[in-house]
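Student: Next come the chains, spelled out residue by residue.
There are 2 protein chains.
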Amino acid sequence: MKDTEDTGRVTISPVGFIRTPFDEKFAVPRQSSLVHHGHFEIFFYPPYDCEEAFNGIDEFSHLWITFLFDRIPEDPVFRPMVRPPRLGGNTFKGVFATRSPFRPNRTGLSVVRLVEVKRYNGRVSLIIDGADMVNNTPVIDVKPYIKFVDSVPDAVSGFALEAPKMHKVVFSEKAMLQIKDSGVSDFKELIEEVLSQDPRPAYRTQQTDERVYGVGLCGFDVKWQARAEVIHVLYLEEGMPG
Amino acid sequence: MKDTEDTGRVTISPVGFIRTPFDEKFAVPRQSSLVHHGHFEIFFYPPYDCEEAFNGIDEFSHLWITFLFDRIPEDPVFRPMVRPPRLGGNTFKGVFATRSPFRPNRTGLSVVRLVEVKRYNGRVSLIIDGADMVNNTPVIDVKPYIKFVDSVPDAVSGFALEAPKMHKVVFSEKAMLQIKDSGVSDFKELIEEVLSQDPRPAYRTQQTDERVYGVGLCGFDVKWQARAEVIHVLYLEEGMPG
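Protein sequence lines correspond, in order, to chains D and Y.
Residues 13 to 254 in our numbering are what the first sequence lists, from first letter to last.
Residues 13 to 254 in our numbering are what the second sequence lists, from first letter to last.
The set of hints was computed from the structure by calculation and includes no laboratory data.
Take the hints with a grain of salt, since some may be wrong.
For chains that are exact copies, the list does not tell them apart, and a pair is met inside one copy or across any two.
Think about it this way: if two alpha-carbon atoms lie no more than 35 Å apart in a straight line, the pair counts; the simulated DSBU-like pairs of lysine-lysine are [what the hints assert, rightly or not]:
#1 159 - 192
#2 186 - 159
#3 235 - 159
#4 159 - 130
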């Protein structure tokens, strides 16, 4: 193997990157399947963006995206345990028993619904629904979801819980006006979907919390607060949350 | 990112490798879920083999294995189309519309059933059921299968067919004796499962075929022939098929 050293190390090159509304990790939903608004598109670098490489992909409703958690710093020391947010953030589990981004090789894996294969001048991009990656995440591979082998409806998933509890989201008048002025299509619906899952660390959701949070969505810092199980969207600022 | 160049290239290091009965590509079944005999075990390199890294994994029935198709030579030229064997081997499809190993970054993805977490002196290996990788394939990552997000029972899988047609497998007296003498447990059942799927290229299965084939399983070259839809196991030789 040309590119393989004695240690078994290999070099990989992303085939493209994904555009999502999520400017930072905090904004990314814990389950991709719960977000259906906002624009998600995979762009490919040449030569991977040619039409031939996608011939037949329209016949599949879902795709696997293998991607790189490139916002996670590479850790020279292996940390075998992580604290999954869904378990309250203070229970340790083995990294290979979780989907945590803090893992060797930093590879992520998500199933997404294929919405549209965009073709223009012989180049291709893929519009998808509900991805759970930060904007500009490098894509390592795209594969079709093959129901016969990939769907295991009787799988047992241990401590990984089912759908998270959904919260009511209310918007201030100011936020409503700012959302309207933002020019981002379906922005209100997207904010609603993201915040209804309460992105706060799990230990925070157990208590009264006066803090004003910001999530980075579509170039805006969306400010919000959780009061008695209801998420209040307060106002928007341009740019990333400080 | 330390390890990331301007091109976005990253270096990954396998966390381990998988032991399977399949000494060569030809022996690997096209669906992992159809093989339930034979010994499949994932071994991890230190420090990834420590018990802590697998804490909680017993709670999951299935795992995702991300692996490297390291028997596929790295191709300096991107070939955007492949000929899936299931389509007869002469229909071209885009590589991103297939699970072909001939793909950029050569990453493979399989769901496997977790049978047992082996712990000895604080080190861990995983016994699994029915993997579809060649023996000693490098493993890049292991993740739990999370039914709520990974199982999409209503996914549409286009030209990827359902379960392959199964063939009857009969054994010669000589083969039976050799299998008994091999010392490989469940060897007859494993051969039966592998050959019942008829590993010949699809264009071959349409016609009468007098050829004697060999598949490399568990250190043996298992010789067989297909006659009128029935697979005949003739005899075994030690070593890899020539």
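Student: All hints, please: hold or fail.
Tutor: How the hints compare with the structure:
1. With identical chains, the CA atoms of residue 159 and residue 192 are never at most 35 Å apart, being 40 Å at best within one copy and 37 Å at best between copies.
2. In this assembly of identical chains, residue 186 and residue 159 lie within 35 Å of each other by CA distance neither inside one copy nor across copies; the values are 46 Å within and 40 Å between.
3. Only between protomers do residue 235 and residue 159 lie at most 35 Å apart by alpha-carbon distance; the minimum there is 33 Å, versus 40 Å within a single protomer.
4. Taking identical chains as interchangeable, the C-alpha atoms of residue 159 and residue 130 lie at most 35 Å apart whether they share a chain (24 Å) or sit on different chains (30 Å).
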